[in-house]
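J.: Residue numbers (the numbering used here), protein chains in the order written: chain A, 147 to 471; chain B, 19 to 330.
In short, the hints are calculated from the structure, not lab data. If you're wondering where the values come from, they're calculated on a predicted model, not measured in any experiment. Some hints could be false.
Said to hold, decoys possible - Take a look, some chain B residues computed to stay more than 10 Å from chain A by CB distance:
id	residue
1	V31
2	V33
3	Q80
4	P162
5	N194
As the list claims (entries may be wrong) - Stretches of chain A that chain B covers, calculated by requiring three or more beta carbons in the stretch to come under 8 Å of a beta carbon on chain B:
id	segment
6	202–213
7	286–296
8	305–319
9	345–359
10	380–394
Each residue gets a CB set at the ideal place from its N, CA and C atoms; glycine is no exception.
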Amino acid sequence: MTDFEQQVAYYRYLAKKHGRKILLGVFILTLLLTSVRTVGPEEEGVVLNLGQYSRTVNPGLNFIAPFGIEKMYKIPVQRQLKHEFGFRTTGISSRSQYSDSDFSIESSMLSGDLNMADVEWVVQYRIENSFQYLFRVKDPERSLRDMAESAMRKSVGDRTVNEVLTVGRQEVATNMEVLLQKLCDEYENGIRIDQVVLQDVNPPALVKPSFNGVNQAQQERETLINQAESEYNSVIPRARGEAKETIQLAEAYALNRVNGATGDAARFEALYTEYIKAPDVTKKRIYLETMERILPKIGNKIIVDEKGNNVLPLLNLGTKITLSK
Amino acid sequence: MIKPRQIIIGVLVAVVILAVSGSVFILNETEQAIVTQFGKPVGEPRVKPGVNLKVPFIQKVQFFDKRYLAWDGHPNQVPTKDKKFIYVDTYARWQITNSLQFFIRLRDERSAKSRLDDILDGETRNAVAAHELLDIVRSSNRKPEIGEDFLEQLENLDSISVGRDKIEAMILKKVNERTSDLGIRILDFRFRRVNYVEEVRNRVYDRMISERNRIAEQFKSEGQGEALKIRGNKELDLAEIQSSAIKDAQVIRGKADASATSIYAGAYNKSAQSRELYSFVKSMETLERSLDSQTTVVLTTDNELFKFLKKP
Numbered sequence: 147m148t149d150f151e152q153q154v155a156y157y158r159y160l161a162k163k164h165g166r167k168i169l170l171g172v173f174i175l176t177l178l179l180t181s182v183r184t185v186g187p188e189e190e191g192v193v194l195n196l197g198q199y200s201r202t203v204n205p206g207l208n209f210i211a212p213f214g215i216e217k218m219y220k221i222p223v224q225r226q227l228k229h230e231f232g233f234r235t236t237g238i239s240s241r242s243q244y245s246d247s248d249f250s251i252e253s254s255m256l257s258g259d260l261n262m263a264d265v266e267w268v269v270q271y272r273i274e275n276s277f278q279y280l281f282r283v284k285d286p287e288r289s290l291r292d293m294a295e296s297a298m299r300k301s302v303g304d305r306t307v308n309e310v311l312t313v314g315r316q317e318v319a320t321n322m323e324v325l326l327q328k329l330c331d332e333y334e335n336g337i338r339i340d341q342v343v344l345q346d347v348n349p350p351a352l353v354k355p356s357f358n359g360v361n362q363a364q365q366e367r368e369t370l371i372n373q374a375e376s377e378y379n380s381v382i383p384r385a386r387g388e389a390k391e392t393i394q395l396a397e398a399y400a401l402n403r404v405n406g407a408t409g410d411a412a413r414f415e416a417l418y419t420e421y422i423k424a425p426d427v428t429k430k431r432i433y434l435e436t437m438e439r440i441l442p443k444i445g446n447k448i449i450v451d452e453k454g455n456n457v458l459p460l461l462n463l464g465t466k467i468t469l470s471k
Numbered sequence: 019m020i021k022p023r024q025i026i027i028g029v030l031v032a033v034v035i036l037a038v039s040g041s042v043f044i045l046n047e048t049e050q051a052i053v054t055q056f057g058k059p060v061g062e063p064r065v066k067p068g069v070n071l072k073v074p075f076i077q078k079v080q081f082f083d084k085r086y087l088a089w090d091g092h093p094n095q096v097p098t099k100d101k102k103f104i105y106v107d108t109y110a111r112w113q114i115t116n117s118l119q120f121f122i123r124l125r126d127e128r129s130a131k132s133r134l135d136d137i138l139d140g141e142t143r144n145a146v147a148a149h150e151l152l153d154i155v156r157s158s159n160r161k162p163e164i165g166e167d168f169l170e171q172l173e174n175l176d177s178i179s180v181g182r183d184k185i186e187a188m189i190l191k192k193v194n195e196r197t198s199d200l201g202i203r204i205l206d207f208r209f210r211r212v213n214y215v216e217e218v219r220n221r222v223y224d225r226m227i228s229e230r231n232r233i234a235e236q237f238k239s240e241g242q243g244e245a246l247k248i249r250g251n252k253e254l255d256l257a258e259i260q261s262s263a264i265k266d267a268q269v270i271r272g273k274a275d276a277s278a279t280s281i282y283a284g285a286y287n288k289s290a291q292s293r294e295l296y297s298f299v300k301s302m303e304t305l306e307r308s309l310d311s312q313t314t315v316v317l318t319t320d321n322e323l324f325k326f327l328k329k330p
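Just chain B, same shape as in the assembly:
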């Protein structure tokens, strides 16, 4: 049989356990919390992880995340200032910096996200519509590296005045202004994806194709031009080589002829007698060379050789 004393002890133990467990709560490293009393926040927000205390039974705890939280933008179709239709996908990181304020204004993460949707998507649209596509794509005026010299005109990147980084920073500043009383802070806002909308892509492809064709044609005509240049060069070099060789040869021949002439003249032109001897010897040689077996000669006896044929 259970005695009344035992019942009293049992009830007391149960009450103590309930009181202890109701006055102690464990805060995780990732969490922060506020304590509410009949729905009204009391005291400072609790941020220190570990064991925390509260009044049992009448106080309740609301936990919030302390970490950087994700916000994922809806992919939006937005026209830019230069009327390019693009879709923009963004993301942001935010944090609950003042859980008390956060609890009063937004209550929980879900309603915070929907508020962020309104603000961030709106600011994104505004910013995109106020800037040209190039400013959203590029972030600096970096000069491109050009692989082929003649592609220069095509490889030119147009300059930007604002740039992606600044647009992101601008949006970030604006949304932080607009969320300043919500107990949250947006730490970072970025464009994740920017691309042409499906409908205009074909036109972009056409433009890319025509651009490439232009380069291809340029290559082809370059090749032809270069080949013609080489051929012309060939003809020029050929003429130069051949004519200068002929010229040099003639000069050499002329010089040789001149020096031979002067040698001959030096020998033959010494005196009247040497001239006489030369013409005689040369005549004899010529005579010898020009007469052969086909020749018929009529000789008279009135001749140095045959004069003795008639009479000695």
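If we strip away everything but chain A, and leave its shape as in the complex, we get:
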């Protein structure tokens, strides 16, 4: 007997001895592989029994009828899924990377005033009804994309390009979210729209500078107005102060004038009361007292006789001459 024949004989012996056990092992293994299913925490399992919907099972270890009698589809119903329009996120490191490809065919659309705008957006959604998602619509993801593009264009189509770019951004998203949800309900695709988020919204690249020009002009307008207003502010409050000053000076003058007059009048009245008692003497006294005060201050005094008037021409020296009678 050769070695080879010996070996074959040995295997034959083994097969005869353990054949049933091996078959049983294979059978059990297949049974396990086709009947034990793990449903992840974010998923639910939809079980078909001979092609017919039988039940929906929760996360955890689940058993289905083996050998292909039952089949299970796992749907991540808890996970929030998203579709991107006009751009694609390619990798997520610390910072998201975006694909360089051109998705402008998705993002370019017409606004209600027949201008063009590039709108990029994200639709966040969840699969709410896994039965509908699986069995009602063929390729539900693609149909969701179609619907989203159609709804966004409808929403933008009813607005001016200015609205889409500025004040109406939020409204576009909200409006589109409502439209899209309505479409989903109509299609019974089991999808619930969580949120529509507008990303970059731009005018076409060639037109962008002139849009910026509008912003600049707007700034310029504000600057001009501010300048004029600052000029106004630098002049008017000061003028108000000056006006107040002018009036207060006048009031001060009035006060002086009236008080002065009152004082003078009182003084005169007092004098007059005494004067009336002895007019001539008082008058003379006042005259003499005044002279007493004046004469010492005068530089040149020339006293002449009654007939000395003819001296006058000789004294024409350029000095002021006062003649007192």
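With the hints as your guide, set chain B onto chain A.
T.: Relative to chain A, chain B alone:
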């Protein structure tokens, strides 16, 4: 050695297995089917998922999809009624509603799609050519929200008479009429993308640029106008403030002068004697104020003061 009995049993088992497997078919949740006998459909279409029966060997099963199916339109370049050249991309959802009819008329999904291409693309072209671009873009006569008042004239959205929704509904109705005998139903038809064709885009850009420039100019001139207004206002306010202050001051001064005059008059104008005293006292004061060290006085002795200089 294999005995003849064993062979007979083996053959019988094989026949039974073939017969069973030939008379049972499994219909999935997503499927519907019809059964044909020598190529001719027999019985009602099968729509209930699960195990279904048929006659083995002579009957065959044709499976069809039961779900909403996609139809994707070819992006078409179409002129609108107002001669705007646009390209239109559409989509539709349809369903096989009568699989028997469907099988007779179209046989399979592929030929159905090509039939749908003919009908839908044609109807799309007709509808687009019969309407103005604005009607295809807008779906309602919504009033725009205006950020800046003066942009009103520019932010105006022209009214539409038909609108996108109605055009879509119209196309949907027409294609359903035309496909009514095919065993299918179009559930939904929509414009996915509508845009200017490449060749006219530059002209659209030019128009947008000129529009924006118009707004920019308006902003600029608005700014200048507003600034001039403020400046004018400044001059006006300034004049008003200054002149009214001067006026008020003069009034105050005048009143003070008047009341001083009346006070003086009240004191000095009592009697002939008071008038006499006032003029004397005032003369004395004036005299005192007007004479100083530079003055030269020539006095005569014929004087109240110096009369005693000559003789006592």
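J.: Next step is simple, just say for each hint if it's right about the structure.
T.: The hints, checked one at a time:
{"no.": "1", "hint": "V31", "in the structure": "holds, 19 Å"}
{"no.": "2", "hint": "V33", "in the structure": "holds, 23 Å"}
{"no.": "3", "hint": "Q80", "in the structure": "holds, 16 Å"}
{"no.": "4", "hint": "P162", "in the structure": "violated, 5 Å"}
{"no.": "5", "hint": "N194", "in the structure": "holds, 16 Å"}
{"no.": "6", "hint": "202–213", "in the structure": "violated (count 0)"}
{"no.": "7", "hint": "286–296", "in the structure": "holds (count 6)"}
{"no.": "8", "hint": "305–319", "in the structure": "holds (count 9)"}
{"no.": "9", "hint": "345–359", "in the structure": "holds (count 7)"}
{"no.": "10", "hint": "380–394", "in the structure": "holds (count 9)"}
Violation of the numbered hints given earlier is confined to hints 4, 6; the remaining hints are satisfied by the structure.
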